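*Asks:* Using the hints, position chain X against chain F.
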Amino acid sequence: MSEMSVMKALNLAMFEEMAADEKVICMGEDLGKQGGCWGTFTGLQEKFGENRVLEFPILEAGYTLFSVGAALGGYRPIVEFMFADFVTLGFEGIVDIAAKIRFNSGGVDSCPVTFVLPQGGGGKSGAHHSQSVEAWFANVPGLKIVAPTTPADVRAYYRAAIRDDDPTLFIYQRATMGLTEEVPDELDEVPSLQKAGKIVKTGADLTVVAYHRALVNVKAAAAQVEEETGKTIEIIDPRVLIPFDKEIVFDSVKKTGRLMVAHEAPERGGFGAQILSWVVENCMKELKAAPVRVSGVNSIIPFGDLEKYLYPSVEDMKAGILKALK
Amino acid sequence: MNFSNEELLDMYSDIVKSRVLGEKIVEYIFSGKIAGAIHPCLGQEAVSAGILTAFKKSDIITYGTETHRAQTVMAHRVGWKPFIAELLGRTGGCNDGISGEYHIHDLKNGQLPAAGALGGTWAEIAGFAWALKNDGKKRQIGFAPYGDGAISQGATYEAMNIAALFKLPILFFIENNGIAMSTPVENQSPLENLADRAAAFNMKGVTVDGDDPVAVAEAVLNGMELAANNEPNVVEVKTMRWEGHYVGDPQKYRDLSYKEDLVSICPVVRFEKRLKALGILDDEIIKAVRASQTKEIVEGFDEGLSQNVATKEQVLDYNRVYSNNAGGEL
Numbered sequence: 066m067s068e069m070s071v072m073k074a075l076n077l078a079m080f081e082e083m084a085a086d087e088k089v090i091c092m093g094e095d096l097g098k099q100g101g102c103w104g105t106f107t108g109l110q111e112k113f114g115e116n117r118v119l120e121f122p123i124l125e126a127g128y129t130l131f132s133v134g135a136a137l138g139g140y141r142p143i144v145e146f147m148f149a150d151f152v153t154l155g156f157e158g159i160v161d162i163a164a165k166i167r168f169n170s171g172g173v174d175s176c177p178v179t180f181v182l183p184q185g186g187g188g189k190s191g192a193h194h195s196q197s198v199e200a201w202f203a204n205v206p207g208l209k210i211v212a213p214t215t216p217a218d219v220r221a222y223y224r225a226a227i228r229d230d231d232p233t234l235f236i237y238q239r240a241t242m243g244l245t246e247e248v249p250d251e252l253d254e255v256p257s258l259q260k261a262g263k264i265v266k267t268g269a270d271l272t273v274v275a276y277h278r279a280l281v282n283v284k285a286a287a288a289q290v291e292e293e294t295g296k297t298i299e300i301i302d303p304r305v306l307i308p309f310d311k312e313i314v315f316d317s318v319k320k321t322g323r324l325m326v327a328h329e330a331p332e333r334g335g336f337g338a339q340i341l342s343w344v345v346e347n348c349m350k351e352l353k354a355a356p357v358r359v360s361g362v363n364s365i366i367p368f369g370d371l372e373k374y375l376y377p378s379v380e381d382m383k384a385g386i387l388k389a390l391k
Numbered sequence: 196m197n198f199s200n201e202e203l204l205d206m207y208s209d210i211v212k213s214r215v216l217g218e219k220i221v222e223y224i225f226s227g228k229i230a231g232a233i234h235p236c237l238g239q240e241a242v243s244a245g246i247l248t249a250f251k252k253s254d255i256i257t258y259g260t261e262t263h264r265a266q267t268v269m270a271h272r273v274g275w276k277p278f279i280a281e282l283l284g285r286t287g288g289c290n291d292g293i294s295g296e297y298h299i300h301d302l303k304n305g306q307l308p309a310a311g312a313l314g315g316t317w318a319e320i321a322g323f324a325w326a327l328k329n330d331g332k333k334r335q336i337g338f339a340p341y342g343d344g345a346i347s348q349g350a351t352y353e354a355m356n357i358a359a360l361f362k363l364p365i366l367f368f369i370e371n372n373g374i375a376m377s378t379p380v381e382n383q384s385p386l387e388n389l390a391d392r393a394a395a396f397n398m399k400g401v402t403v404d405g406d407d408p409v410a411v412a413e414a415v416l417n418g419m420e421l422a423a424n425n426e427p428n429v430v431e432v433k434t435m436r437w438e439g440h441y442v443g444d445p446q447k448y449r450d451l452s453y454k455e456d457l458v459s460i461c462p463v464v465r466f467e468k469r470l471k472a473l474g475i476l477d478d479e480i481i482k483a484v485r486a487s488q489t490k491e492i493v494e495g496f497d498e499g500l501s502q503n504v505a506t507k508e509q510v511l512d513y514n515r516v517y518s519n520n521a522g523g524e525l
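Those sequence lines, one after another, are chains F and X. Remember, this note's numbering sits 65 above the position in the first sequence when you count from 1. Remember, this note's numbering sits 195 above the position in the second sequence when you count from 1.
Derived from the structure by calculation, the hints contain no laboratory data. There may be inaccurate statements among the hints.
[What the hints assert, rightly or not] Here are the simulated PhoX-like cross-link-like pairs (lysine-lysine), alpha carbons at most 20 Å apart as the crow flies: (1) X:K228 x F:K88; (2) X:K228 x X:K490; (3) F:K88 x X:K333.
[What the hints assert, rightly or not] Partial pick of chain F residues on the chain X-facing surface, computed with a CB cut under 10 Å: (4) N116; (5) T129; (6) F131; (7) S132; (8) A135; (9) P142; (10) D229.
Nothing here was measured: the structure is a model prediction, and the numbers come from that model. Here a beta-carbon is modelled for each residue, glycine too, at the ideal position from N, C-alpha and C.
Chain F extracted, bound-state conformation (with noise of 0.2 Å):
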C-alpha cells in the first residue's frame, strides 16, 4: 500500500496500461517533456518514446479524429482534451465517427478509444474551463461514461477504460486531483465496467448516489446529518454511468425509501435527472417521499471564487438531505 494522489492515480494507471499491451498510445497536447498540463503523463514519453506518447500542436478536432483511424489500425488510444470543456471541437470524432464505428460496420469492428475529460470546478477557471461535460455524451448510443472518484478506483477504472473495446470517456474532476488514499501496490484485477456501483457507506433511512466532488461533499454533509438527526445514510459511487449499475441503486431505495442524486453539473437535463427516473420507473411503491436533485446551477460559471455560486456546497448537500428525509 502507498498514499496516492487522484493525479498519481492516473498517471500509475497509465504507466501499468502501456506497460501491458504495447498498443496502448497517448495523444494530446504538452504530454511530452510537461507530462501532459496537468503532470498526468508525467513520465509516459521518456518510457515509452514519441511514437507511443504523441504530442500534438493545437488541434482537437483533429487528433480526436486521428484517434479513430489509429484505433482501426489496431492501437488503443488514450486522448487528453486538456480541459473537458474542449471536447466541444472533439464532438464530431467522438459522436459522430467513434460512437459509430461498430454499428456501421456491422458489429465487426470495434473502437477502443479512451477520451481523458478533467471537467468541473476547483480550478476557479471560469466559463470555458470549468464545465461539467457527462450529460452532454449520455444521450449518444455507442459510448460508455465512466467517473471515478478515489485515487483507487480512478487507477482501476482508468485501466478498466483503456481495456474496454468501445469509445469510453474517462471523465475526472479536476476539484478532487489531490485527494489521497492508501492504494495497493498491485491492482488484482482490472474490474468490469458492469455493475461498479459501490455502496461507500451502509444506511437505512435514504440512498444519496454522488460522484466526484459532489460524493466528497454528501459524505461530509451526511455525516453531520447523521450525528444531528440519528438517521442512518447509505452512499453510492455509480463510479461508472454507462453502463449504470442500476440495481445496486434500485435495491438501495427499496430498503431505504428514498432518494438524493448529487452531481456538479447543471441540473437540467444532468445524468441525475436520468438515476432518478429509472428509480421512479422501478421503485415508486417503495418511495416514501420525492426524490431530489443537488446539482449545479444552470448558469454560466463565473471566474475565480465565485464559481462557489454554481457548485453544490456541502451546505446545499445537507439541505438536501434534510429535504429527502423529510
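*Replies:* What follows is chain X alone, placed relative to chain F:
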C-alpha cells in the same frame, strides 16, 4: 506514364461502368427503389475510372473513403453486389443494408468509415496512415478524398498539418466538380487551384484535368508513390457535375445551358474519341462494353431487390452497438 492498350480498355470499361451506374441510380430513385438522397456520378466518371486504374496498376495498397460521387470506387472496394445491396438497403449489403451507402464502412476491404459531416475523415484517415507507418507496413497508404466543398472545413487543414508534421503515408485527393450542393467553387475559395493549399504545409500539390481518366490515373499514381515514401501530398482533379446535388434537384441556383449539349463536354465520349484515334476502340466494342457493364449492374440491382430488408431484431442487436461489457442493454 504509359498505359498499355489493355489498361486503356479496362479504363474505358470503368468509365462506362460509372456512367451506367449513375444512370441506373437515377432510374431506380425515380422508380422509388432507392431511399435517401444519393449523389450520382454523372459527368464525373473519368475521376473514378482514373482512380481505379491507379489502384489496379500500382502495388501500393490503399485504405480510404470515397467522395459520394465515386461510387464505382466504393463498389470496387467492397464488391459490386454488397455495394448495390447496401445502396438498396438490403441484407446482402456490406452492412446488411443497415448503415446505407453514405455511411459505408468495410475495413477488411480497405473501406474506412465515411462521415456525414464533411471534413473529418481526412484526419481519421491520417490516424490510420499513422498506424500503417508505425507498424512498418511498406507500400500501404491512406487515400483521403473530398470534394471542393468539404475542404473548406477546418478539420482538413488539421489533417494536412498532422500528415506533414508526422510525414504520414497519405494522399489527399480533391474531386473539384465546381459546385458544393448549390454553392459554386468561386464562392468557397479565393484560390484558382485548391491543391495550392498543400503549399501551406510544405506539401506537393498538383491540379489536373479530372475529365481525362489518363491524367487522373497518372496524378494518383504519382501521389501514391510520394505517399508510400512518407511524403503526404495533394492531388486535385477538376471535373463537372451534371446532376443536381441529389437526384431530382431542380438546380434553380445554376445556369443549366450546359445541358443543351452534353456530348461536347462528356468525358466518356471524349475518351472514346481518344481510344478510337489510337485504333483500339470501335463502335462494336463500345456497344459490347456498355452491354456487359449494364448487364452486371442490372443483375446486381435485381439480386439486391430480391433480398430482404433487415429485421427489427437485426437493427436493434446490442452487439451491433457495443463490443462488450455494457450490460447487454442498449
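*Asks:* Would the hint on A135 (chain F) be counted as holding, given a Cβ-Cβ threshold of 10 Å to chain X?
*Replies:* Interface hint status for A135 (chain F): holds (4 Å vs cutoff 10 Å).
*Asks:* Tell me if T129 (chain F) is really an interface residue toward chain X, meaning its C-beta lies closer than 10 Å to one of theirs.
*Replies:* holds, 8 Å
*Asks:* A closest beta-carbon separation below 10 Å is what the hint needs, so does F131 (chain F) meet it against chain X?
*Replies:* Holds: closest Cβ of chain X sits about 4 Å from F131 (chain F), inside 10 Å.
*Asks:* Does P142 (chain F) meet its interface restraint, that is, does its C-beta lie within less than 10 Å of any C-beta in chain X?
*Replies:* holds, 8 Å
*Asks:* With 10 Å as the cut and Cβ atoms as the points, is N116 (chain F) at the interface with chain X?
*Replies:* With a minimum Cβ separation of about 6 Å from chain X (threshold 10 Å), the hint on N116 (chain F) holds.
*Asks:* Holds or violated: is the Cβ of D229 (chain F) closer than 10 Å to a Cβ in chain X?
*Replies:* Because about 6 Å separates D229 (chain F) from the closest Cβ in chain X, which is inside the 10 Å limit, the hint holds.
*Asks:* Can the restraint linking K88 (chain F) and K333 (chain X) be considered satisfied, given a maximum Cα separation of 20 Å?
*Replies:* holds, 19 Å
*Asks:* Check whether the Cα positions of K228 (chain X) and K490 (chain X) lie no farther apart than 20 Å.
*Replies:* Holds, at about 18 Å.
*Asks:* For the hint on S132 (chain F), does the least C-beta distance to chain X fall short of 10 Å?
*Replies:* holds, 6 Å
*Asks:* Are K228 (chain X) and K88 (chain F) close enough, with their CA atoms no more than 20 Å apart?
*Replies:* With Cα atoms ~45 Å apart, K228 (chain X) and K88 (chain F) exceed 20 Å; violated.
Consistency with the previously given hints fails for number 1 only.
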